[in-house]
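Peer 1: Here is how the chains run, residue by residue.
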Amino acid sequence: MFMQMVVTGLVLGSIYMLVASGLTLIYGIMHQVNMAHGVFFMLGAMTTYYATEVLGLPYFAALLSLVLVFPVIGVAFERAIFRSIRHIWLAGYMATVGVWMLMEGLGWQVFGTEQKAVSFPITGLVKLPGGAVLPLNKLWVGLIAIAIMAGVYYLVGRTALGRQLRAVEQNPRAAELMGINADRAMAKGFALGVTLAALAGGLVSTLYSVDPSCGSTPMLKAFIVIILGGLGNVTGSVIAAFILGFIDSFGGTLLGHQAGHFMGFGLVILILIFKPSGILGDE
Amino acid sequence: MSLALLEIKDVKAGYGAAVALQGISLSLRQGERVSLLGANGAGKSSIVNVISGLLPIRSGEVWFQDERIDGRPAHRIVGLGISQVPEGRLIFPKMSVWENLELGATVLDEAEQKSGLLEQVFELFPRLAERRKQMAGTMSGGEQQMLAVGRALMSRPKLILSDEISMGLAPVVVRDIYDTLLRINQEWGVTLLMVEQEAKLALEVADSCHLLESGRIVASGPADEMARSELVRKVYLAED
Chain H
1 MFMQMVVTGL VLGSIYMLVA SGLTLIYGIM HQVNMAHGVF FMLGAMTTYY ATEVLGLPYF
61 AALLSLVLVF PVIGVAFERA IFRSIRHIWL AGYMATVGVW MLMEGLGWQV FGTEQKAVSF
121 PITGLVKLPG GAVLPLNKLW VGLIAIAIMA GVYYLVGRTA LGRQLRAVEQ NPRAAELMGI
181 NADRAMAKGF ALGVTLAALA GGLVSTLYSV DPSCGSTPML KAFIVIILGG LGNVTGSVIA
241 AFILGFIDSF GGTLLGHQAG HFMGFGLVIL ILIFKPSGIL GDE
Chain B
1001 MSLALLEIKD VKAGYGAAVA LQGISLSLRQ GERVSLLGAN GAGKSSIVNV ISGLLPIRSG
1061 EVWFQDERID GRPAHRIVGL GISQVPEGRL IFPKMSVWEN LELGATVLDE AEQKSGLLEQ
1121 VFELFPRLAE RRKQMAGTMS GGEQQMLAVG RALMSRPKLI LSDEISMGLA PVVVRDIYDT
1181 LLRINQEWGV TLLMVEQEAK LALEVADSCH LLESGRIVAS GPADEMARSE LVRKVYLAED
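Line order of the protein sequences matches chains H and B.
Following our numbering, the numbering of the first sequence begins with 1 at its first residue and continues without gaps.
Following our numbering, the numbering of the second sequence begins with 1001 at its first residue and continues without gaps.
Just so you know, the hints here were simulated from the structure itself, not pulled from any lab data.
In this text, a Cβ means the ideal position worked out from N, Cα and C, and glycines have one as well.
A portion of the hints provided could be inaccurate.
[Stated by the list, open to error] If you anchor each label on the Cβ, the simulated ranges turn out as follows: (1) ALA1017/B with ARG184/H: 28 to 38 Å; (2) ILE85/H with SER1096/B: 49 to 59 Å; (3) GLY1221/B with ILE85/H: 20 to 30 Å; (4) ASP1109/B with PHE2/H: 14 to 24 Å.
[What the hints assert, rightly or not] The list that follows gives simulated cross-link-like pairs (lysine-lysine, DSSO-like), each with its CA atoms no further than 27 Å apart: (5) LYS1094/B with LYS188/H; (6) LYS116/H with LYS138/H; (7) LYS1012/B with LYS1158/B; (8) LYS1158/B with LYS188/H; (9) LYS1094/B with LYS275/H; (10) LYS1234/B with LYS1200/B; (11) LYS1114/B with LYS1133/B; (12) LYS1094/B with LYS1114/B; (13) LYS1200/B with LYS1158/B.
[Stated by the list, open to error] Coverage of chain H stretches by chain B, computed from C-beta distances (three or more under 8 Å per stretch; other residues unrestricted): (14) 157-167; (15) 170-179.
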């Protein structure tokens, strides 16, 4: 029981980590609070479902297709909707809310109301030394999420593209003086962020059934995470994601599903009172 | 073909309703050192930002190496060979010295060229070599200014625009940085356009100087002549 709660906490945490790190990247680079983030999670889940269960693609090929398709979708959304109103904060925010409402509504029309599930190619159980039994697919999902996150760290921390993204985040004007097209860098940051959300959706679709509103809860959890971790701070988000994962897992199992939610938001209230900048945020 | 490296013709520019430049014309020859002198708000920084593409112009023309460059976005100016050392330095504080320098070379594509330049910058500023792994934001103001100059060099510029290098720094440090800029001018042949509030410095480090007042050039000439001129002495050198 205990080990199961630990593993569930890790898996939930790793999913929150993917959703939240995308959200915090977008916030850090564009100063955009992306209320449409859950939409990309949902679209990732749906794409995975149709690619595997309808078109018959292998699961990992479907996951890979998300990495190819969602950067393009992200850039398209950024260009078409968010770029022109980015400098008006409230308009930009409301535009993301609008995209959320619109896409979720369209989702019910296009994908229908029935719950969809994707089967994970690796099945079976693993017995732990303590006698606990864990489903292999959960472990794999957690491991894949962590591997993706390692890739993000490499991309942002070690490559020329990552340097350019961080330069724009720290000072767009100075970045322009270096010869960096700040607008284009922001579009790339947005594309990276929503691709992470889509991947999270693709992973979650193998653990829970999904529908067109399935992105909302992970997005709200991700907001808790980025406030806990410190806005714009990716490492803070990673730590906070696992804290929230454990809270949800232990609180949910021991005290009931609603209690898990309640405790997460309660923690945010406490953080906002005692350390408003978050765990790793600047003072 | 003209002999000028940079030529600004009757440029007018502003921010919203505020007019910053009311018809500026000036030109720089290859290898020249020119300083812009004037009070706060006279338009010195606006000239630099017009050239860099950060401040759009309302009328007039900007030419660089016989190419018209006004209207181009800032990120497309750097590649032509114009690099700015901005006011307030604007280094990237949460990145290492090395990363800052690497970003300065964004417009270069050859790794070999970059590493050669990096060696040269480290030779000019040994302090930066010592601190290559340090977070830029944790360095002293003088070191950050060195980094801003070094970063500007990393795009292999033909023209460097510097804006208020002396701001907030100890005189010894400022002297040091200007000495290095002069070396860059003499050894690399880089043309310099320097905005400098400190009139004495502005006249010392430049061959020629333009004096600005409310968006207009009111006096120009060789630096030694300007230093002797009545107007400059009275107002800017605070002599009686």
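Peer 1: Starting from LYS116/H, check that the Cα of LYS138/H is at most 27 Å away, please.
Peer 2: Given that 27 Å is the threshold and the Cα spacing comes to 18 Å, the pair holds.
Peer 1: Quickly compare the C-alpha distance for LYS1114/B and LYS1133/B to 27 Å and report which way the hint goes.
Peer 2: The hint holds at about 17 Å.
Peer 1: For a C-alpha distance cap of 27 Å, please report whether LYS1012/B and LYS1158/B respect it.
Peer 2: holds (25 Å)
Peer 1: Confirm or reject the coverage of the stretch 157-167 of chain H by chain B under the rule of 3 or more residues with a beta carbon closer than 8 Å to the chain's beta carbons.
Peer 2: Check passed, 5 qualifying residues.
Peer 1: Taking 14 to 24 Å as the stated bounds, is the beta-carbon spacing between ASP1109/B and PHE2/H within them?
Peer 2: violated (55 Å)
Peer 1: For the hint 20 to 30 Å, verify it against the beta carbon of GLY1221/B and that of ILE85/H.
Peer 2: Because 49 Å falls outside the window, the suggested range is violated.
Peer 1: Would you say the C-beta atoms of ILE85/H and SER1096/B sit inside 49 to 59 Å of each other?
Peer 2: violated (35 Å)
Peer 1: Using the Cβ atoms, figure out if ALA1017/B sits within 28 to 38 Å of ARG184/H.
Peer 2: At 31 Å between Cβs, range holds.
Peer 1: Can the restraint linking LYS1094/B and LYS275/H be considered satisfied, given a maximum Cα separation of 27 Å?
Peer 2: holds (21 Å)
Peer 1: When you check the alpha-carbon spacing of LYS1234/B and LYS1200/B, does it fall within 27 Å?
Peer 2: holds (12 Å)
Peer 1: Between the stretch 170-179 of chain H and chain B, are there enough contacts, at least three residues with CB-CB distance under 8 Å, for the coverage claim to hold?
Peer 2: holds (count 9)
Peer 1: Checking one constraint from the list: CA of LYS1094/B to CA of LYS1114/B, max 27 Å. Satisfied?
Peer 2: It holds: about 22 Å lies between the C-alpha atoms, which stays within 27 Å.
In summary, the numbered hints that this structure violates are 2, 3, 4, 8.
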